[in-house]
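Using the sequences and the hints, build the whole thing.
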Amino acid sequence: DVKVTQSSRYLVKRTGEKVFLECVQDMDHENMFWYRQDPGLGLRLIYFSYDVKMKEKGDIPEGYSVSREKKERFSLILESASTNQTSMYLCASSVGGSNTEAFFGQGTRLTVV
Amino acid sequence: AQKITQTQPGMFVQEKEAVTLDCTYDTSDQSYGLFWYKQPSSGEMIFLIYQGSYDEQNATEGRYSLNFQKARKSANLVISASQLGDSAMYFCAMRDYNQGGKLIFGQGTELSVKP
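Chains as they are written, first to last, in this note's numbering: chain A, 1342 to 1454; chain B, 85 to 199.
Be aware that one or more of the hints could be misleading.
[Unchecked claim] Mimicking EDC-like on lysine to aspartate or glutamate, the simulated pairs with C-alpha atoms at most 16 Å apart in a straight line are: (1) Lys1344/A x Glu128/B; (2) Lys87/B x Asp110/B; (3) Lys186/B x Asp1367/A; (4) Lys1396/A x Glu1410/A; (5) Lys1396/A x Asp1367/A; (6) Lys1411/A x Glu1363/A; (7) Lys186/B x Glu1397/A; (8) Lys1398/A x Asp180/B; (9) Lys186/B x Glu1420/A; (10) Lys87/B x Asp1400/A; (11) Lys1359/A x Glu1420/A; (12) Lys1411/A x Asp1392/A; (13) Lys154/B x Glu101/B; (14) Lys1411/A x Asp1367/A; (15) Lys186/B x Asp1400/A; (16) Lys1344/A x Glu1413/A; (17) Lys157/B x Asp106/B.
[To be verified] If you want the ones that stay clear, here's a sample from chain B, every Cβ over 12 Å from chain A, calculated: (18) Glu101; (19) Thr111; (20) Ser112; (21) Gly127; (22) Ile133; (23) Lys157.
[Claimed, not checked] To spell it out: a stretch of chain A is covered by chain B in this simulated footprint if at least three of its residues, at any positions, have a beta carbon under 8 Å from a beta carbon of chain B; those stretches are: (24) 1387–1401; (25) 1418–1426; (26) 1444–1454.
The hints are simulated quantities; they were obtained by calculation from the structure and are not laboratory data. Even for Gly, the Cβ is constructed at its ideal location relative to N, Cα and C.
This is how it looks when you write it as C-alpha cells:
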C-alpha cells in the first residue's frame, strides 16, 4: 500500500522560529510536492521536486525553502515563521512525468503564534 | 501561466440526483493531464478520475465521469446518483508534463448532498 507520511499532524510554533516540516514516501517516486491549503484558496503549490537535490518554485515560494537530499524525503522549511503562515500543509508524491495521480500525506496543521 | 479555475464555491444536490462540478483550465501546452480529487471532512485527499489531453473519450470511473471539452478548456466532473457520502470538497487539478510534472489545483467546490 502506498504511503506518504508527514512528521506531525499538528504543530504550534512561535513567530520567528525556524520550522521544519518533514515528508517521507515509500514508493520510490521521483516527484514530490508541498502545498498549503487555505479556505477559499484551494491547494497552492509552494515547491516541488522532480529528483534528488532538484527543486522548482511553485506559485507561493516566498518565505519557504525546501530540501531533498534523499529520494524518499522532502522537507519544507520556514526560515522565520510568521502568523500568515498559519495553514494546513500537504505533501504529495508521484511517479515523474507520467499520467498517474499524486498520493497525499495526512497534512500538518501549523499554527504560528 | 497555468491556471485552474473552479467557479462554484459551494453546491447542493439532492440524494440520488446527478451533479456537475465545473472546472476550467488554462495552459499553452499540448500535453497535460487533468485530475479530480475528493477531500472529505477527515482531510484525506482521494483521487477520483484522470483525463489525458490526448484522450478522445471522456474518462469514467464508476459513478464519476469527466466531461472533457478540449476546445473550451473545461473538465467538468459529473457525479451520478449522489450519495450522502459524496458530501466533501472537490478539487480539480492539472499536471503539465513539460514542466517536470508540476501539479496545480483549483480553489475547490464544497458539495453538500441533501437526504
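Status of the hints after comparison with the structure:
no., hint, in the structure
1, Lys1344/A x Glu128/B, "holds (12 Å)"
2, Lys87/B x Asp110/B, "holds (5 Å)"
3, Lys186/B x Asp1367/A, "violated (20 Å)"
4, Lys1396/A x Glu1410/A, "holds (11 Å)"
5, Lys1396/A x Asp1367/A, "violated (19 Å)"
6, Lys1411/A x Glu1363/A, "holds (12 Å)"
7, Lys186/B x Glu1397/A, "holds (9 Å)"
8, Lys1398/A x Asp180/B, "holds (14 Å)"
9, Lys186/B x Glu1420/A, "violated (24 Å)"
10, Lys87/B x Asp1400/A, "holds (10 Å)"
11, Lys1359/A x Glu1420/A, "holds (5 Å)"
12, Lys1411/A x Asp1392/A, "holds (9 Å)"
13, Lys154/B x Glu101/B, "violated (26 Å)"
14, Lys1411/A x Asp1367/A, "holds (12 Å)"
15, Lys186/B x Asp1400/A, "holds (11 Å)"
16, Lys1344/A x Glu1413/A, "holds (11 Å)"
17, Lys157/B x Asp106/B, "holds (11 Å)"
18, Glu101, "holds (25 Å)"
19, Thr111, "holds (14 Å)"
20, Ser112, "holds (17 Å)"
21, Gly127, "violated (5 Å)"
22, Ile133, "violated (9 Å)"
23, Lys157, "holds (18 Å)"
24, 1387–1401, "holds (count 5)"
25, 1418–1426, "violated (count 0)"
26, 1444–1454, "holds (count 4)"
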